[in-house]
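> Okay, here's what each chain looks like letter by letter:
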Amino acid sequence: METPFAAAAPGQAPVAPALPAKPSAGRRRLVNLGLGLLIAGLLVYSWIDTNASVSEFVNGFFGSKGLLRNVLPESLPPEVSQFWDGFRAAATTLAIAILSIAFGIVGSLAMLPLAARNITPSRPLYELARLIQAILRAIPELIMLLLFNVVLGFSPFAAVLALTVHGIGVKGKLFAEAVEEMDTSAVDALRVAGASRLQVFLHAVLPGVRNTLTALTLYRLDANFRSAVTLGAVGGGGIGFLIDNQLSVFQFKAVTTYMIVLVIVVLAVERISTELRTRLG
Amino acid sequence: MPLQPALGSRSSPEPSRASALDAPLVIDGIHKRFGANQVLKGVGLKLDRGELLAVLGANGCGKSTLLRCAIRLLDPDAGSSRLGGRDLALLKGKELRLARREAAVVFQQIALVKRRSALDNVCCGALGRIPLRRSLTPAAFPHEVVQRATIALQRVGMLDRAWQPAQTLSGGQAQRVAIARAYCQQASVILADEPVSALDPRAAEEVMTLLGDLAHNDGLGVLTVLHQPDLALRHADRIVGMRVGEVVFDKPSPEVTPQEVDALYQHLRET
Ligand SMILES: Nc1ncnc2c1ncn2[C@@H]1O[C@H](COP(=O)(O)OP(=O)(O)OP(=O)(O)O)[C@@H](O)[C@H]1O
Ligand SMILES: [Mg+2]
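Protein sequence lines, in the order shown, are assigned to chains A and B.
Each residue of the first sequence is one higher than the one before, starting from 0 at the first, in numbering that gives the first Met the number 0.
Each residue of the second sequence is one higher than the one before, starting from 0 at the first, in numbering that gives the first Met the number 0.
Bear in mind the hints are in silico, worked out from the structure with no lab data behind them.
For clarity, every value in this text was computed on a predicted model and none was experimentally measured.
Listed next, with one range per pair, are the computed distances between beta-carbon atoms:
(1) A:E274 with B:D76: 52 to 58 Å
(2) B:A35 with A:R278: 50 to 56 Å
(3) B:R32 with A:G33: 43 to 49 Å
Even glycine gets a Cβ: it sits at the ideal position worked out from N, Cα and C.
Modelling step: build the complete structure from the supplied sequences, incorporating the hints.
This is the structure:
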């Protein structure tokens with residue numbers, strides 16, 4: 000700002016001026032060294048704390064009781080008669096994911112007018128909404144399910160609630176960030192035209208972010224499906240539950256069938272979600 | 000195109016000064032400071048019905064700040080703004096919001112809601128006058144609002160694009176829809192901050208003609224900030240020249256000399 004423009008001298012090739020002195024690199028180097036040591040320390044600690052061992056790794060995969068030599072031959076060929084059961088269970092899992100997404104959308108939208116900094120009526124309410132979302136996000140879905148199991152018993156609906164509550168934490172934040180990043184000129188325009196906060200929200204904010212929110216939701220759908228599979232294994236029902244059951248009675252061929260079904264469904268959900276998102280443009 | 004001004008004419012140098020109480024917008028002695036930067040140093044002006052008033056001034060002289068103080072989007076440090084006869088400084092909360100409806104604002108950047116039709120956008124101008132339950136979705140808007148929006152669209156020559164999504168309109172078309180929205184608000188005053196800065200010369204000309212038309216035929220008070228002195232001289236009834244937070248002249252456009260206009264932008268080179 001202080002330096003005036005340097006006019007080019009007519010008819011002369013420009014001469015490179017001396018660069019201003021480069022800031023000293025010494026500090027930078029020290030910081031890098033410190034970071035390197037820190038990362039190395041973390042890795043060593045993690046290795047020790049998890050009882051990591053090279054020989055167990057080799058045994059687990061290649062030993063005489065390992066996955067490849069022991070479990071794999073037992074698992075093939077897949078149990079064809081189990082395909083239908085697998086798909087039925089996968090449908091339940093998908094239903095868990097879809098319902099929890101739907102509930103999660105409702106919950107996230109309800110918090111949205113408070114949780115986005117640029118439209119919130121008050122700063123403390125904004126902080127509170129974001130804090131609630133952070134807490135919901137911090138508790139993993141699995142722990143959430145264990146809590147719901149205590150009060151509701153084992154059921155797919157407990158899994159729906161667990162995913163919903165965690166999903167409000169995740170989607171609530173994503174939605175709020177989408178609103179914070181939107182162009183607010185239309186929002187301001189309606190506000191000065193005398194529209195109330197709720198009117199502004201319905202007529203300028205929601206239409207402005209609708210596509211972004213839909214994309215985020217579709218993006219979360221396959222994540223939710225995978226989580227629903229995991230929750231199934233701890234009593235939530237669906238295909239995760241089947242896999243867990245068959246594993247506990249060593250029916251590896253049936254497990255293979257379910258795994259195949261699982262991969263097919265996950266890839267299909269992923270594919271559909273990507274396809275829909277690109278359609279949104 | 001109507002050429003005969005209905006009210007407040009260009010030829011009379013003092014358009015109804017006596018009716019100060021009647022003027023829809025009266026700004027008086029506004030001071031505003033941001034930190035150490037004294038942006039407005041006692042600015043006053045009066046906007047009459049049926050008048051197109053242009054405000055000229057260099058970048059950063061405080062024009063946008065003045066508009067925002069006028070409708071109390073910003074609180075001035077001192078001074079008052081009477082909109083529709085009510086002193087905005089005395090109002091707050093819902094009362095302020097309702098009093099502000101008397102002023103419709105048109106922005107430089109196109110402030111339409113994307114992915115909504117031109118018609119829906121125009122209807123939104125009336126949101127401040129319809130109850131929440133009649134405004135949950137555009138389909139719930141009262142019939143009168145839709146009719147008024149249709150009239151507004153016709154007024155700005157955009158009726159045939161009523162169903163076009165806002166983001167697909169050209170800059171000039173979008174600005175005309177924004178003006179239709181302001182018209183649909185049924186305000187007595189339109190405040191426009193550089194409404195033509197993003198438009199090509201022809202679209203700018205059309206928008207200025209439209210604003211003049213709203214003043215002269217509908218009797219609205221229209222105040223517009225401009226960076227094009229020639230447009231101001233040709234379209235406005237009166238011009239207010241501002242320099243570093245002060246009004247340096249305020250007179251009918253035919254009396255404004257090119258030297259006076261040049262002087263507004265002169266200080267940039269000196270400081
Ligand atoms: N919110 C704010 N905080 C601090 N300073 C501000 C703020 N808004 C405006 N200013 C300062 O006030 C001065 C006047 O700004 P303003 O936007 O009113 O100018 P303007 O006349 O509209 O200029 P332009 O022609 O560029 O639009 C500028 O120096 C600007 O930096
Ligand atoms: Mg400005």
